[in-house]
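A.B. asks: Residue numbers (this note's numbering): 5 to 1056.
Fair warning: there could be bad hints in the mix.
To be verified - Derived DSSO-like pairs (lysine-lysine); straight-line CA-CA distance at most 30 Å:
1. K424 - K544
2. K592 - K424
3. K16 - K63
4. K278 - K237
Said to hold, decoys possible - Pair ranges (Cβ atoms, derived):
5. D50 - K278: 23 to 29 Å
6. S27 - E643: 47 to 53 Å
7. P1005 - S862: 17 to 23 Å
8. K278 - D185: 24 to 30 Å
9. Y889 - P76: 55 to 61 Å
Hints were generated in silico from the structure; no laboratory data involved.
Ideal Cβ placement from N, Cα and C applies to all residues, glycine included.
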Amino acid sequence: MSSLSVTNSIFKINRQTIENFFSPKNLDLLNLVGGIEGLYEELRTDPTTGLTQDILYEKERQKYFGRNELPPVPVTPIWKIMWNTLLDPTLILLSVAAVISLGLGIYEDLATNAHITLEHDDNGNPFEIIRPRVQFVEGLAILIAVIIVVLVSSINDFQKEKQFQMLNKKKEGRDIKVLRDGKMTLISVYDVMVGDIVHLEPGDILSTDGVLIRGNDVKCDDSQATGESDSIKKSPYQISWLKSIPRPTPDPFLYSGSKVLQGRGEYLAVAVGKSSFFGRIMMNLREETEETPLQVKLSKLALLISKIGLVIALLNLVVLLIIYFAGWSSRSHEASDILKSIIKIIISSITILVIAVPEGLPLAVTLSLAFATIRMLKDNNLVRTLVACETMGNATTVCSDKTGTLTTNTMTVVSGTIGKDLNFDHRSSSDSIIIASNLVQSLSKKLINLIQESICINSTAFQTGNADIWVGCKTESALIKLTLNWTSFNLLDLRHRYPVAKAYPFSSDLKFMSTLIELPDNKGEFRLLIKGAPEILIEKSTKIVNIESEELDQTEFSKFHKTRINDIIVEYAQKSLRTIALAYTDIKLTESQLKEYESLDAIGKSGFWSKLAFNNQPADLSNQLTWIGIFGIQDPLREGVVEAVKACKRSGVVVRMVTGDNILTARAIAKECGILTSDGIALEGPRFRELSEEDMDSVIPKLQVLARSSPQDKMLLVKKLKSLGEVVAVTGDGTNDGPALKAADIGFSMGISGTEVAKEASSIVLMDDNFASIVKAIMWGRMVNDSIKKFIQFQLTINFSAILIAFVSSIISPNGSVFSAVQLLWVNLIMDTLAALALATDFPDSSILDRPPDRRDSALISPTMWKMILVQSMAQVIICFSLLYGGYSLVPRLRKPNVTFNQIITDDTLGTIVFNTFVLLQVFNEINCRVIDNKLNVFKNFFKNYYFLTILVGTFALQVLIVEFGDVAFSTTPLGWQNWLICIGIGFISLPLGFITRLIPVETWLSGKLNIVRKFELRNINIDEKGAEKSIKNSGGHSSVDKTPLLSHEDY
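Can you make the complete structure from the sequences, with help from the hints?
C.D. replies: Structure (structure tokens):
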């Protein structure tokens, strides 16, 4: 024992010893430390009260055993991001050329007289003009511009990493149940400590390593931890160590990361965080964030554009070198002048390449996703996988749960019938119906106790410290709250009043749950308490309680009375009430059976019941039940659900309700929501799954309600919808919903009522379990896609115009391009980073739902966008060349006689006007690009987007500083207010030009003419066009949008 202990600590066992319990499972080592009792002592905890204030030792526990969280993934240091950015080949080439230019400039300024030029006056007399020694400035300015580009890009990447890390921590957080101070309490998973007694139930994903100390029929899926594909039965330690009793290998060990498949129980947490089994694996499997499909597409599109830009840059280099050496005889032959001229040509070509490379495309996706995920969290959508943001915008159908999603999930028992005809209601509606709170006065004490025991023992819901907050199944909580109104009692005391012999969780196949308790006052007698769907239990009941007797007497449950109860079920369902029934049966063992039973341990006793009658299911013992009563539970619609469903219909998204409720209740709620229309179809799960493939294909387009459905029915529906070309979103909260959530294009799990398995399988968690939040997710998904397209439209316009202007002007004029390298780098900064920031931060409004979703195979650039790109870019080229070669008519002080063709481009002021006008054209076109369709109002919500306004004003302010004070670095000349008005006026042309362009109905013509462009784009970004065509063909020759009118002719 001493070898296992640690000195100088209040805890006597070390983490390594605990790790050895699990790698591999080592029951002998656990026995060596004194078994479970030894662990209680060495971890200073109590199995009955859990950690209390006297033995909490929070700081000491967390310091010694660690916190229950993995250390955050180290954010890449800013200097490393900057270095990686600087390793971009184009920036390296530009930097090398800039350094050479800087060196030559310094040499010319210090070692030559290049700053002195000889001019002649009007009489032909020569005189010297001494200019500032600024030959080094261009090289230095290029280096500074490169540094700014690197800084802005790196800071954006750094911020993005920090934001996604924050979101990751949020998505991993959850609350779990632990025993503290003798009470079951909800705490954050991060606050669980070694020594806590943790509650487990089906659907949980274990957050710590532990040893099971109490439990019934607990089975876990350890495949993620151990690779064992079969479910593993877990036994409490007290049973596992009794090796003398023959049984399968005993296993009390629970691995963090494992899923609880069935059973309930409690375990002692022995390892947390990075010391746990799952934590150690995760520390070795830290994953890099993967690119989303849209990021991959855009990266490939950017690569395609870059290749075109590289060809133009190389062509520019070759042509300029040919021109330079063609005029060799008239040029200076000094080495410094030759080198300077060649470096200038190289810089000009590299700058064209820099302009051509659209680094901003992937950045725009990143910024849009980062902005959307953060804003979606405020709208109660926790995005777990980034691809969900993109996909949600294209969703064509939503398969929604009812309870908690369309409704509030705050259940209240409003009506009921005990026995044959004792009706009650939450309010007095007639003399024949009593108020629910007065029900205790109309029933015998024994029957009241039976109802309370049946409700409270056969459930897992409990109260937190706040008496108004219940945790667990909402239906169970409503029933327990009903009984609390009758008599005051302690829920935990009632649950511990009877020993539980066997417990069966709710089964979606059987549609009920049951608990077998031992009646201590009557040796050998047991009672099976059952709660479940009334239409199932009524068929299994042969007797009914006699409400007029003081004892638990029973009478025959006649066909007449069953018919009456069935009528009540129908009546409740038509009122949109959820119905649930209670029943029980008493079991008395024979003397021989009792003797055998008492000789068994806990596992043996559990097996005894399976062997006796259960056949591993409570079905056999539950065929001779005594009916207690039926309860109608109301779950009102959430506020805003009706409007949200209407919004979905307006946007071409079909909403389908998939629920476990009966068909009448489902129909009533669906009609109230606006989901079920006059020509819609409502089916029950069993009937749906029996349909032939042909019938299913014809039914599904009009299917709006699937009632009494199993998780398998939901999975089948999802697969069929996807095969018909739909983009499917699914909501789910149960463990069995996991496969359907995974199979859907977008899986929504419930943040409040959802199991951990459901959350793990989903791509988005609805933090408020509210359907209206799904509509917000659709809006944000469409906004992400729109933001990307806005940026593409803006960037390609600059790409085409800037490259064409720079290329043509550099070839026509021997003095070089109208744009200097530093000016083009500034344009590149506007184009890539600032525009990506501005256009990625628009907020969606309801109008974004006024169009159908995009098809899976829709092109990144629509005909409307091509129209705008072509018109704006060509207009910019025409405007800049008109200024360049006809600008003297606009700038009177520049008018000179006998101006030659080559002299025009050398004029600094006119060159500045061209540069300034080009930038202002982009500033106004940025406003124009806020709309990518033919809507005319580009100023909608313009003044609500402070990000956009700030960036727009900031860009203009920087342009003013560059023009007025950046003459040396940016090769500009200060402009007077008249010239600024000319530049602003010409730049403003982008807005009315955009207005007129949207009025030109050429989309149909462009669709045909640009078909070859679209195919080329699809081929280069690996979109399976044939697959998309096949999916449309499978849907009957229509896209998923075409099928939406099948929902209701009246609604369209």
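A.B. asks: If a hint holds in the structure, say so; if it doesn't, say that too.
C.D. replies: Hints, one by one, checked against the model:
1. K424 - K544: At roughly 16 Å apart (the allowed maximum being 30 Å), K544 and K424 satisfy the hint.
2. K592 - K424: Satisfied, since the Cα-Cα distance of roughly 26 Å is no more than 30 Å.
3. K16 - K63: Within the cut-off at roughly 16 Å; holds.
4. K278 - K237: holds, 26 Å
5. D50 - K278: 23 to 29 Å: holds, 27 Å
6. S27 - E643: 47 to 53 Å: holds, 51 Å
7. P1005 - S862: 17 to 23 Å: holds, 20 Å
8. K278 - D185: 24 to 30 Å: holds, 28 Å
9. Y889 - P76: 55 to 61 Å: holds, 59 Å
Checked against the numbered hints listed earlier, the structure breaks none of them; every hint is satisfied.
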